[in-house]
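S.K.: These are the residues of each chain, in order.
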Amino acid sequence: MFPNLFSASPAVWAGFIGAMIALPVLIHLINMLRHRRVKWAAMEFLLQSYKRQRNWVRLKQLLLLLARISALLIALFMLAQVGCQDQRLAGLLGGQTTHHYILVDDSYSMGETTSGASAMDRARETIGTLGSRLARKENQRVTLLRYSQASTQSQLASQDLALEQLTDINGQRVDSDFAELLEERRNTLQATSLATPAVEALDVTRQLIEQNEGELPVVYLLSDFRSQEWERPTQVLPILNELNEADASLQFIRCATVNQGNLGVIRLQPAGSIRSSGVPIMMQMEVQNFSDEPVRNITVRCFTQPFNATTELTGQPGEVSEEGELPALFIEEIPAGKTVTREFPVFFSSPGRHGIRVQLPDDVLATDNERWEILNVDQNAQVLIIENGEAAGSFYLASAFRPGRASSGVMPLVKTNDELRDFDPNDLAAVSAVYMNGVGSLDPSTLEKLKNYVENGGGLAIFINEDSNLASFNQQFYEGGEGLSPLPLVRLEDLPLGEEGVPDVVALDHPILEPFRDANDSFLNLIQIRRFAVPPLEWSSETSAAEVAALVRGDPTWPLVVEKSFGEGRVAVVTTSADTRWNNWQRNPSFLVMLLRLQERLASGLKPAEERLVGQPVILELAQDQFRSSVSFEKPTESRDVLDLLERTAVRSNEADNAPWVTGLGPTAPEGGSWSETGIPGLYTAWAQDLKGENKTFRWALNVDSAEGDLAILGRRGLVEKVDSLGANVIDWNELNPNPQRDASTQLSRWLLPLLILLLVGEQVLAYAASYHPLRPGVRAS
Amino acid sequence: MDLRARHIVEGFLSGMHRSPYFGQSVEFRQHREYVHGDDLRHVDWKVWARQDRLYIKQFEEDTNLRCLLAVDVSNSMRYGGGALSKYEYACTVAATLAYWNLRQQDGVGSVAFDDKIRAKVPVLSKRNHLFAILESLNVNEPADKTDLGPLLSQIAETYPRRGMVIVISDLFSNVEQTLRGLRLLRQRGHDVLVFHLMDDDELEFPFSGPTRFEGLESEDHLNCNPRALRDAYLEAVSEFLQNVRRECAKQGIDYALIRTSENLDAALATFISNRMSTRARA
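From first to last, the protein sequence lines are chains A and B. Every letter in the first sequence is one number past the one before it in the numbering used here, and letter 769, counting from 1, is 769. Every letter in the second sequence is one number past the one before it in the numbering used here, and letter 281, counting from 1, is 281.
If we strip away everything but chain B, and leave its shape as in the complex, we get:
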């Protein structure tokens, strides 16, 4: 896993990144008018002396990025019609991002969850921390149903310091609760990224002939002719995707639908490119 992550990152990254947060730094960024509650230590008294108005000095924070990888390891992630299952793909994504962050001396931690948190690795920036993160993902064999909404709320409570929260999941959970959890993370000031992993089969439903579908996370099953249900299924999935995409956009959450058949580096490049252009516009 770490080799796979290293290979992806080495081929992709170069240089340092700028922190998106304002904080203590030597490099001044801008003035901002004082509002009630601002720390008086940041008031630029020289400006006050000249203009008799209170302004706050803001600096580029030079601190490390705190990145939390929330990886869905529930049973639904076990599905894989191609070379990698969603779970394997998610682990690869998580490892890649962890390696990337650690290499930039940023702090990175991970949470593996299904209906609850199965493993948790604190956010650290030690180089050998990657192994602990990979270990936490590997040891967790997917077992139960996803329950993403409460879990994201729990993360928001557990990690009060603002940072980047990257959710890697198929989001096959209660959509409303999931979106509520994501909304909470945003409200807590986290930069939230959602890597929505889906298999080609789930997006195209290419089955034909009499088929018995058995739920990975439930006892539900259905005998049917898949062709007959395909249009309605695709419509339901599209509706789901649009709903998630719309809510994420509304909350300022970076959302990326990634098919497990895509090359990860290309998918990440596309995602980062899109994200940077979006930030630049903002």
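So that you can see chain A by itself, here it is in the shape it has in the complex:
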């Protein structure tokens, strides 16, 4: 009820209130015991008057007692209020310290600028105002905590980091040196590139309050209170409730008060899975319009930063690689709240870990205008073609991947079934897909090897041909629906010659044959299928979790290309041959397109799109028998022309002799520091040396969390509704008065003082009525 009083301890207050109640009663009782004795003759009249007046006298005495108790209690509360106003007095009274926990939202949305000032600028100004307010009081302590620092704690859940280390100011007493300290610390406050929620900072505050028992906690949240976090504050509310139960006064200070639109790059990644040097690689970029209005005429700049083997070998850590700018992309319009995706090609002539950056024009929030990606470009993506029977099929497959002198970015490697049996699993894992030209009977270990390969993200394509053993296929590959194949095959079917204009192959809505979905496409119309394998009539793609990409005409139609997921990888079955004995597809240009798109699908499992956010740790593991332990990390800085260089010495990941070296950046890395080591979006490079002394590099792209770019604010009324039950005070940053004339305690005193005067007057009236005042002269019996 009185959070600002000099003591929040219920025991202290119970003691005070009990004393205030007991005091008048005790005095009354003592007075009764200290009465004088009078030997009295006219007892009859006295007893008669007492009998007549007894109830009324008792009532008046009770009222008088209550008035006195009330007056004492109000005087106590007023004294407490004075203690609150004048903390020196509170100190003399054994008063409590008020501990102000100032939590600053430094997520990147606080960098939003309005009228030339960012929300973080306003937060800094508010902290200065708070400092001025507190300097006028005694018994004040201040803790300053940034959201980003608190998020470190959550990452270090298993580590033993003292809470105090997270704070910028830890329980500093407000004295003559405090203003200087606060000024110094608040000037260092900047909006980070992180998207840190309030929940972690509030949780740390809750723990700090528990540690500082006996103080009066006041928690200030200086934030922009975006809708994306506060519209449904399911995570925050329980902690706020806990703080409220701990008698903490909650002060929500809005540092962003205007809704503004914003554009953000929310995705940048390769469009396909083939990342080979010498072939164009399509990149996909997505821009979101976080506003209520459509945005038009947006120019997106694209940059590449080649980083090839030469750079790796001859380059030095800390050297800034030059960027090459690609033709800009132009987006005519992005509707309100919508996203637009654009693709653009990048070309790298040599393998390497190349960087790509896209950049939007400046707007109210700069942090989400850029996005980076690392393309791990190989010389060629290797595929394995397993020959089973007629070698013509392998020939067509290999030729499709290496059409003439042109490079598709895929390097075929033809092997037999026996050679597959002796293939090292690690070597198998390096190939992007396996193509089986016909299926014979595989020995169990080979089959198991293939299964493991696909389960771990590999791709497998099976072409059925004349030499295929369907019974063995069903037994080893279908396995009653549990195996690699999406469908069983029961017999071979000959397709009679079709009518003029009726194509043998019907493309369905599937990425593999997506370019040929148009029924008028002449390429597919030219394909002739003569023989193919068919599943049982009752087989259905829906019950088998399979996707059918193409059908063979007929009544009924039969599946031609069927695909399914297996573990993290994919398996595709083409029910006709890869050679010309059963069809003429190899001579059709659509075969090349189908095969390359199939390759992209099959290889996508091995190279899942990996997105790293700023603030997350970057961990590097190195084989101990190949690398030295010293590693140099390059990290971006606020200036694009300068890179930070951090030297790390890797440590063994465990006690084993052959345990790999482990090192990295960020809070959870060995020798790692705070989140700020990975807190700036951009390209990070680790330079390690192998035992021969040659450089080996590892690169990562760290980007901001795009959701934080949604600048829609909840609004004051909405925020009040969310936190109203907590008794929280919601104000705008410019409403914080540095010299409050009317704070809660003053207002309370203004109520209490007249009430006390009223009670004292009432007490005098009651005392007079109860005849505790001196006798009026001249009154006697007559």
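Note that these hints are calculated values from the structure, not bench results. Using N, Cα and C, we set each Cβ at its ideal position, and we do this for glycine too. Be aware that a few hints might be false.
[Stated by the list, open to error] Every beta carbon over 10 angstroms from chain B, so not counted as near; a handful from chain A, in silico: (1) N31; (2) A41; (3) A42; (4) S249; (5) N297; (6) T310; (7) I334; (8) P556; (9) F566.
[Unchecked claim] Partner residues are not named here, just some residues of chain A that face chain B (Cβ under 7 angstroms, in silico): (10) H35; (11) R36; (12) R37; (13) M43; (14) Q48; (15) S49; (16) V57; (17) L59; (18) N588; (19) F591.
[Stated by the list, open to error] Pairwise CB distance ranges (calculated): (20) B:E262 - A:N31: 33 to 39 angstroms; (21) A:R36 - B:R246: 33 to 39 angstroms; (22) A:R52 - B:R29: 22 to 28 angstroms.
Position chain B against the provided structure of chain A, taking the given hints into account.
M.R.: Below, chain B alone, put in the same frame as chain A:
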């Protein structure tokens, strides 16, 4: 006590008094028509001879006054907030009146009582009789509760000859019985005077602060804040006084409320003055 009485009387009295009773005397006072039962010896036969009607001759009685002092010596009389307690004041009043009467050669006797008669001195007019009366008052230390009604009845029975009965008491007894006793005395033809003695404290109740009142004549006690009860107490006392005063007036009893803080001579002067003016009017 006798000195105090002498001092008061010497400073106050002068001359003889006239007896209020009609009786054997040389000084004719008036004729009255004969009524049945009158003594035939008092018939004025000369008037009968002239007017043929029977008239009685009445003379001023020249006999001595017979005065009985009934003094309350109960425990309630011990209370005294001032220089004298009610008991001491009552004794002084009694001594004064006794001395006064004896000096006028009137007969005077006394009765000291509480709930019963503690001492009794017969009515005599000897000059040295004053000492016996003072002795009877002095020896009686107040001890018990007043029970005035039966006691006055007893006096009425004990003293059949008409005279003056002066009751000196605080009348803290059963009011109805007290008034009945006084009424009986009047019916027996006594001239009854009541000196109602009360202390200032009893009339003004000036106490304040937590007080324990303990009864002088009972085990009753009361812890209270006297200020809170004062109005009701004064009201009860006023009611009591008015009741006594009204009944006395109705019975032709001379009543005087005397505060123990008053000077006795002044109080007596006022009383006598009032009494004489009342008699003159009658």
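S.K.: Could you run down the list of hints and mark each one as holding or not?
M.R.: Tested hints:
The beta carbon of N31 (chain A) is not kept farther than 10 angstroms from every beta carbon of chain B, the shortest such distance being approximately 5 angstroms. Not every CB of chain B is more than 10 angstroms from the CB of A41 (chain A) (nearest about 4 angstroms), against its label as outside the interface. The Cβ of A42 (chain A) sits about 5 angstroms from the closest Cβ of chain B, inside the 10 angstroms cut-off, so the non-interface label is violated. Every C-beta of chain B lies more than 10 angstroms from that of S249 (chain A), the closest at about 47 angstroms, which supports listing it as non-interface.
Listed as outside the interface, N297 (chain A) is consistent with that label: its C-beta sits roughly 93 angstroms from the nearest C-beta of chain B, beyond the 10 angstroms cut-off. The beta carbon of T310 (chain A) is kept farther than 10 angstroms from every beta carbon of chain B, the shortest such distance being approximately 108 angstroms. Every C-beta of chain B lies more than 10 angstroms from that of I334 (chain A), the closest at about 88 angstroms, which supports listing it as non-interface. Under the 10 angstroms C-beta cut-off, the non-interface status given to P556 (chain A) relative to chain B holds; the minimum distance is some 112 angstroms.
Interface exclusion of F566 (chain A) from chain B stands, the closest Cβ pair being 99 angstroms apart, more than 10 angstroms. Interface hint at H35 (chain A): satisfied, since its Cβ lies 4 angstroms from the closest Cβ of chain B, which is below the 7 angstroms cut-off. Given the 7 angstroms rule on beta carbons, the hint for R36 (chain A) holds: about 6 angstroms separates it from the nearest Cβ of chain B. For R37 (chain A), the shortest C-beta to C-beta distance to chain B is roughly 5 angstroms, which falls under 7 angstroms, so the interface hint holds.
Satisfaction of the interface hint for M43 (chain A) is found here, the shortest Cβ-Cβ separation to chain B being roughly 4 angstroms, below the 7 angstroms cut-off. For Q48 (chain A), the interface hint holds, since its Cβ comes within 7 angstroms of a Cβ in chain B; the closest pair sits about 5 angstroms apart. The restraint placing S49 (chain A) at the interface with chain B holds, with a minimum CB-CB distance near 3 angstroms, inside the 7 angstroms limit. For V57 (chain A), the interface hint holds, the least distance from its beta-carbon to any beta-carbon of chain B being 5 angstroms, beneath 7 angstroms.
For L59 (chain A), the suggested interface contact is broken, since its CB lies about 11 angstroms from the closest CB of chain B, more than 7 angstroms. Because the beta carbon of N588 (chain A) sits about 120 angstroms from the nearest beta carbon in chain B, more than 7 angstroms, this interface hint is broken. Look at F591 (chain A): its Cβ only gets to about 117 angstroms from chain B, farther than 7 angstroms, so that hint breaks. Taking 33 to 39 angstroms as the suggested C-beta distance range, the pair E262 (chain B) and N31 (chain A) conforms, at roughly 35 angstroms.
Checked against the hint of 33 to 39 angstroms, the pair R36 (chain A) and R246 (chain B) passes, with Cβ atoms roughly 36 angstroms apart. For R52 (chain A) and R29 (chain B), the hinted distance range of 22 to 28 angstroms is not satisfied, since their beta carbons lie about 54 angstroms from each other.
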